[in-house]
Amino acid sequence: MNDLDNIFERIAAQQPTLADADALCDRIMANLPPQQPKARPLWPMVTAWLSSAAAIALLVLCVLSANDSPVELERVATVSVPSVYEPLRSARTLNEARAMLADINARRSPSISTIKKHFAR
Amino acid sequence: MNNTKIMETISNDIIERCRCGDRDAFRSVVQTFQPMVFRLAFRLLCDEDEAKDVVQETFIRVWMNIGRYDAAQRFTTWIFTIATRLCLDRLKSRHFTEPLSGDEDCLSRFMADDSAERSLENQELASIIRRLADGLSPKQRLVFTLICLEGLSSAEVEQITGLDGDKVKSNLYVARKTVREKLKRFGYE
Chain A
1 MNDLDNIFER
11 IAAQQPTLAD
21 ADALCDRIMA
31 NLPPQQPKAR
41 PLWPMVTAWL
51 SSAAAIALLV
61 LCVLSANDSP
71 VELERVATVS
81 VPSVYEPLRS
91 ARTLNEARAM
101 LADINARRSP
111 SISTIKKHFA
121 R
Chain B
122 MNNTKIMETI
132 SNDIIERCRC
142 GDRDAFRSVV
152 QTFQPMVFRL
162 AFRLLCDEDE
172 AKDVVQETFI
182 RVWMNIGRYD
192 AAQRFTTWIF
202 TIATRLCLDR
212 LKSRHFTEPL
222 SGDEDCLSRF
232 MADDSAERSL
242 ENQELASIIR
252 RLADGLSPKQ
262 RLVFTLICLE
272 GLSSAEVEQI
282 TGLDGDKVKS
292 NLYVARKTVR
302 EKLKRFGYE
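Going line by line, the protein sequences match chains A and B.
According to my numbering, the first sequence is numbered sequentially starting from 1.
According to my numbering, the second sequence is numbered sequentially starting from 122.
Worth flagging that the hints you see were computed from the coordinates, not collected in a lab.
Take these hints with a grain of salt, some might be off.
What the hints assert, rightly or not - Straight-line C-alpha distance at most 20 Å; calculated DMTMM-like pairs for lysine to aspartate or glutamate:
{"#": "1", "chain 1": "B", "residue 1": "K305", "chain 2": "A", "residue 2": "D22"}
{"#": "2", "chain 1": "B", "residue 1": "K213", "chain 2": "B", "residue 2": "D174"}
{"#": "3", "chain 1": "B", "residue 1": "K298", "chain 2": "A", "residue 2": "D3"}
{"#": "4", "chain 1": "B", "residue 1": "K288", "chain 2": "B", "residue 2": "D226"}
{"#": "5", "chain 1": "B", "residue 1": "K303", "chain 2": "A", "residue 2": "D103"}
{"#": "6", "chain 1": "B", "residue 1": "K298", "chain 2": "B", "residue 2": "D287"}
{"#": "7", "chain 1": "B", "residue 1": "K305", "chain 2": "B", "residue 2": "D255"}
{"#": "8", "chain 1": "B", "residue 1": "K303", "chain 2": "A", "residue 2": "D22"}
{"#": "9", "chain 1": "B", "residue 1": "K305", "chain 2": "B", "residue 2": "D226"}
{"#": "10", "chain 1": "B", "residue 1": "K303", "chain 2": "A", "residue 2": "E9"}
{"#": "11", "chain 1": "B", "residue 1": "K298", "chain 2": "A", "residue 2": "D5"}
{"#": "12", "chain 1": "B", "residue 1": "K305", "chain 2": "A", "residue 2": "D5"}
{"#": "13", "chain 1": "B", "residue 1": "K305", "chain 2": "A", "residue 2": "D3"}
{"#": "14", "chain 1": "B", "residue 1": "K260", "chain 2": "B", "residue 2": "D226"}
Unchecked claim - Now the stretches of chain B that chain A is said to cover, found in silico as 3 or more residues with beta-carbon under 8 Å:
{"#": "15", "region": "143 to 151"}
{"#": "16", "region": "163 to 176"}
{"#": "17", "region": "185 to 197"}
{"#": "18", "region": "243 to 251"}
{"#": "19", "region": "278 to 288"}
Note that CB positions come from ideal geometry on N, CA and C, so glycine has one too.
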């Protein structure tokens, strides 16, 4: 133990006096507010959160799959279209139809370089 | 080092009755732990009235939150944690705490009279601690008081303050160094 600890020990040995401890206790008791409710277990909250998250995820999946439904496809297929778009009838999903349409359009609209080559000849 | 460790205990039955809103049981909790909380608050704040306010605020919080008290933790440590946070808030809100004019004389007399066993008046004790702790940051002051004056272990201080072991060590190191340098000026090596 060094001198510093010795000083701390002497100070620590000095206890502050709490005068009117009973009065302070009475003051505390007179000012007690209502108690807070007990802490609730966490798992019901987690379960509720997970089930609502699952419900939202299910809803999102339904919306996404509805966008790509055969009903939409039928509507596309029954429209009268120029023959160049006939291959679209073979599409099974809306996304597939979109991809095919992009492909057809790309073939129908020549690129700038193709046009340049044509006029160069 | 003299340890004024947290020695007070209370039965689980009393804590359970407090949880159920039993005010008589809570009165016994206040009577048991009131001196301990006052001692800590007084040593940290060096002001009797402010220390009493902290005691009142601490027990009101204990009463309000006893339903949330986790029995895995020691009840005394939980109370100390609440009291310490209230004191720390007060220390942080003080922008400058200048030592009072008589503080230095008080410390000099105390240092010169190391054989005396007399009990100091609250005001004298406040002067001595205020002079020694002058210049410490609130956290350094907190760690210094809990370890050097309250005699708590580093592990208990970590639990009470929420500081990790390294922070407790570094705050204590700086606090002891500052106090040592201050004491040198009083000719005490």
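Comparing the hints with the structure gives:
no.: 1; hint: K305(B) / D22(A); result: violated (42 Å)
no.: 2; hint: K213(B) / D174(B); result: holds (16 Å)
no.: 3; hint: K298(B) / D3(A); result: holds (13 Å)
no.: 4; hint: K288(B) / D226(B); result: violated (33 Å)
no.: 5; hint: K303(B) / D103(A); result: violated (85 Å)
no.: 6; hint: K298(B) / D287(B); result: holds (16 Å)
no.: 7; hint: K305(B) / D255(B); result: holds (15 Å)
no.: 8; hint: K303(B) / D22(A); result: violated (38 Å)
no.: 9; hint: K305(B) / D226(B); result: holds (15 Å)
no.: 10; hint: K303(B) / E9(A); result: holds (17 Å)
no.: 11; hint: K298(B) / D5(A); result: holds (12 Å)
no.: 12; hint: K305(B) / D5(A); result: holds (14 Å)
no.: 13; hint: K305(B) / D3(A); result: holds (11 Å)
no.: 14; hint: K260(B) / D226(B); result: violated (26 Å)
no.: 15; hint: 143 to 151; result: holds (count 4)
no.: 16; hint: 163 to 176; result: holds (count 6)
no.: 17; hint: 185 to 197; result: holds (count 5)
no.: 18; hint: 243 to 251; result: holds (count 5)
no.: 19; hint: 278 to 288; result: violated (count 0)
The structure fails hints 1, 4, 5, 8, 14 and 19 (numbered hints given earlier, in ascending order).
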